[in-house]
Amino acid sequence: MGASQQFCTFFLDGHVFGTPVPKVQEVIQHQEMTRVPLSPDVVSGLINLRGQIVSAIDLRRRLGLPERPDGQLPMNVVVRTNDGAVSLLVDEIGDVIEVEEETLESPPETLQGFAREVVSGVYKLSGRLLLALDIDRVVDLSDLTKTKGTREF
Amino acid sequence: MDEIVKDFLIESAENLDRLDQDLVKLEGSPSSTELLAGIFRTIHTIKGTCGFLGFARLEKLAHAGESLLSRLRDGELTLNAEITSGLLAMVDAVRNMLAQIEASGQDGEDDHANLIAHLTELQSGAAKPAGTAPENAVTPPSSEMTKTADGEGAAVCQEQADPAKIGGVLVERGHIRPEDLASALELQELGRRKIGEILIAQGTVRPEDVAAAQQAVQARNPESAVETIRVGVNLLDRLMNLVGELVLARNQLLQFSNSTQDAGFQAVSQRMNLIATELQEEVMKTRMQPIGNVWNKFPRMVRDLALSCGKDVTLEMEGQDTELDRTIIEAIKDPLTHLVRNCIDHGIETPEMRRQAGKEAAGMLKLRAFHEGGQVNIEISDDGAGLNGERIRQKAVERGLVTSQQATRMSDRDIFNMIFLPGFSTAEKITNVSGRGVGMDVVKTNVEKIGGTVDVQSTARKGTTVKIKIPLTLAIIPALMVTSGGERFAIPQVSLLELVRLEAGEGGKGIEMVQGAPVHRLRGRLLPVVYLNRELQLGLAGKDSRRDCPTNIVVVQADGREFGLVVDEITDTEEIVVKPMGKQLKGISAYSGATIMGDGRVALILDILGLAQRARVISEARESALSDKEKANKREELRSDRQTLLLVQCGAQGRMAIPLSLVARLEEFPASTIEMAGAQEVTQYRGQIMPLIRLSRVLDADKEFAVAAEGRLQVVVYSEAGRSVGLVVDRIVDIVDETLVVQNPAERRGVTGSAVIQKRVTDLLDVARVVREVIPGFSESTARV
Chain A
1 MGASQQFCTF
11 FLDGHVFGTP
21 VPKVQEVIQH
31 QEMTRVPLSP
41 DVVSGLINLR
51 GQIVSAIDLR
61 RRLGLPERPD
71 GQLPMNVVVR
81 TNDGAVSLLV
91 DEIGDVIEVE
101 EETLESPPET
111 LQGFAREVVS
121 GVYKLSGRLL
131 LALDIDRVVD
141 LSDLTKTKGT
151 REF
Chain B
1001 MDEIVKDFLI
1011 ESAENLDRLD
1021 QDLVKLEGSP
1031 SSTELLAGIF
1041 RTIHTIKGTC
1051 GFLGFARLEK
1061 LAHAGESLLS
1071 RLRDGELTLN
1081 AEITSGLLAM
1091 VDAVRNMLAQ
1101 IEASGQDGED
1111 DHANLIAHLT
1121 ELQSGAAKPA
1131 GTAPENAVTP
1141 PSSEMTKTAD
1151 GEGAAVCQEQ
1161 ADPAKIGGVL
1171 VERGHIRPED
1181 LASALELQEL
1191 GRRKIGEILI
1201 AQGTVRPEDV
1211 AAAQQAVQAR
1221 NPESAVETIR
1231 VGVNLLDRLM
1241 NLVGELVLAR
1251 NQLLQFSNST
1261 QDAGFQAVSQ
1271 RMNLIATELQ
1281 EEVMKTRMQP
1291 IGNVWNKFPR
1301 MVRDLALSCG
1311 KDVTLEMEGQ
1321 DTELDRTIIE
1331 AIKDPLTHLV
1341 RNCIDHGIET
1351 PEMRRQAGKE
1361 AAGMLKLRAF
1371 HEGGQVNIEI
1381 SDDGAGLNGE
1391 RIRQKAVERG
1401 LVTSQQATRM
1411 SDRDIFNMIF
1421 LPGFSTAEKI
1431 TNVSGRGVGM
1441 DVVKTNVEKI
1451 GGTVDVQSTA
1461 RKGTTVKIKI
1471 PLTLAIIPAL
1481 MVTSGGERFA
1491 IPQVSLLELV
1501 RLEAGEGGKG
1511 IEMVQGAPVH
1521 RLRGRLLPVV
1531 YLNRELQLGL
1541 AGKDSRRDCP
1551 TNIVVVQADG
1561 REFGLVVDEI
1571 TDTEEIVVKP
1581 MGKQLKGISA
1591 YSGATIMGDG
1601 RVALILDILG
1611 LAQRARVISE
1621 ARESALSDKE
1631 KANKREELRS
1641 DRQTLLLVQC
1651 GAQGRMAIPL
1661 SLVARLEEFP
1671 ASTIEMAGAQ
1681 EVTQYRGQIM
1691 PLIRLSRVLD
1701 ADKEFAVAAE
1711 GRLQVVVYSE
1721 AGRSVGLVVD
1731 RIVDIVDETL
1741 VVQNPAERRG
1751 VTGSAVIQKR
1761 VTDLLDVARV
1771 VREVIPGFSE
1781 STARV
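So the sequence lines, in the order shown, correspond to chains A and B. Our numbering applies: residue 1 is where the first sequence begins, and numbers increase by one. Our numbering applies: residue 1001 is where the second sequence begins, and numbers increase by one.
I should point out that these hints are in silico values taken from the structure, not numbers from a laboratory. These figures come from a predicted structure and were not determined experimentally. Every residue gets a Cβ at the ideal spot worked out from N, C-alpha and C, and that includes glycine. Among the clues, some could well be false.
[What the hints assert, rightly or not] With the Cβ distance kept under 7 Å, some of the chain A side facing chain B (calculated, not the full set): (1) Glu-32; (2) Asp-41; (3) Val-43; (4) Leu-46; (5) Asn-48; (6) Ser-120.
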């Protein structure tokens, strides 16, 4: 019997992503956001989480996935990171599932670009694949700051 | 570390702070048996606990102090300055040991044998006259010290008979014998149980009697009934946040209740409203601390300093209860300490000089704090010699800070305030206390950092007063709310100068282009203009393309320079709560934080300085200033557009210019004092190891320069956050006051660009960059120090 871990899962462009449950502080409905001019594109804005100001990162953009269709409101997965709470915008929230360590494999070749760097592994579930995200790497935007503010207007 | 050791450390640290004050107080009123008893008890507790925890060295030291104190308490010795100094030295040693325990869990190697011997000597040495203390000439104690106790004083303070304690009450009422109490007290020293519990456990007394005694004690000293608990600061911060949210929810609730007819619901929301308001006020109070918390250490410091300077100083404090936000308390600690030191070292004269001047021998140092107009005022005044305006004028001219004509025209007040400029010191000799020309500028920067102001007033021979005004709290600041490109922004009131509205139709005329940069003529001056929506790349949702709308210009200042910010709308001024933004957004210099508005949405707070730098408006300001020559003749404010530059000669680069504001000092070292630390040349400078950078090598890396082994080095000292680095140049040429027109921002290493200075092309040195290139960890190691 191998070790098992609980994962909080969510959907992005039809893929199932997940992060260990202890990393997740809460999941909340779509919130009104204040956009931050000059910030990297992946930062959708700031939300007010009971008086705490939290940056919201669009996971689709962060992972290089296609843009979310118009009219579809994202959900906020608020995660605990070394630098405080950060909200990740996802399409939909999934179940909390238990995964066995022995079903873990390294990321498949089909993953491209940045997604490859932040997917720490793949769990083979029955009928689906769960992509495990390295949250601290996802919210560290230092790889983007060089290009900040170059958006056209 | 053990919980119990941690508790011991926290408790002892507090006790020691109180000891410092009590000992100094005791010196003033040596016959106070109450003070003496308190001091004795504190030391006794420390001794007892550390014996129990196995810190033998600390115990030994505390024991020596205790023995001395017990002789004082019993009236066998009279307190004098020497004994006080000895006891204070013991307190310091105990504090050191506690710090060691905290760091390593051990009480250190030093057993303080000398100190213990000294304390023992003092114990027996009542015969030794007070005036012959070996080190620094101790001034004889000012007040005539009469015999401390008249026999009975000693008995009163013994714990056994102390009627303010439960034990005392029980003895008094005959429930227990004094011997029972003594043995119970011993037990109490070991554990930390209540005396009543011990007695009940021993069966010496009935629980009812203890309860009755407890009531009696509480009735006798009502103050002891007030209880405090320790609460983490982050818990308070969280509470504050939540209360803020509650207030927002309350606002929404009130709006909703107004639109309904349900009387019951309206009544509930009204009550909710009152409770929320009250709650908010109370929670705000939890973050406030009396300024006395900082002042507490001054009596001891003043005493020690006065002794070592051979001066007699009386400290008077007024308004200790004035409350300030705790972050501000932290921020003003160092500036205040520095000012107090300055007063004693430079302000107050020696007793002889004072007598000659017809003043009392003892100088008066007064600290005063009070609330006024939503701000806290702190005044530090002395009745010393006052500032010498003439000498400051001379010095300012010598340093090239002002011309001699300017100096004669300046008012006394302006002259006095020049002492806050970096590197300015009129002290004739450098003492180990102050006079090194660092400090006053640090005082000013620290106070300004928290949004405060410093002002100095002085009358020759009468004294000097330094006035500090600081905001009550940093967390809440007044701000102007504006919109631009459909977004809301807050502009902190401190950077705000005025608002200008150009009516429709005028909009096109009001803003003109000078060399491609938009400017506005404001009362004959050219004000560079920045479009906020363009600067923040907000798209064209704004109105700047439409001529039929009025144009709103917010005139702001940053770094002493003014510019106009064009926004779509000016909404209101509001008190906003500043909140930090996540690390993901820290790198954007245009914002200093964010805040939550009344409707619960987030708004960004603009960092005016960062914005100005982004928009390069600061250099444009100089450019446009140049194009307007009339103004140069008419207005003196132009000085702010000019920069004072240090010109140096170095290597093949020729002349280089360094903004004088970045120069901490100019020094000359013999070449023989250079030492090597790894591959880095260093020298010892004011007790620090200062790295040296040879500018000619950095700037012309491909060429080799012979290093002169002798001769003297000209060094420009650059300091950042307490660390210094020396830039070695060939020659210091001049200090000039120039209007800078930076041209061809060069791609060359370490150079920001060139400018024509004194009719010669001169490169501007990028000091911070050069330093970081040579010493990559310069700023990081600063953080660690």
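Consistency of the hints with the structure:
no.: 1; hint: Glu-32; verdict: holds, 6 Å
no.: 2; hint: Asp-41; verdict: violated, 12 Å
no.: 3; hint: Val-43; verdict: holds, 6 Å
no.: 4; hint: Leu-46; verdict: holds, 4 Å
no.: 5; hint: Asn-48; verdict: holds, 5 Å
no.: 6; hint: Ser-120; verdict: violated, 20 Å
The structure fails hints 2 and 6 (numbered hints given earlier, in ascending order).
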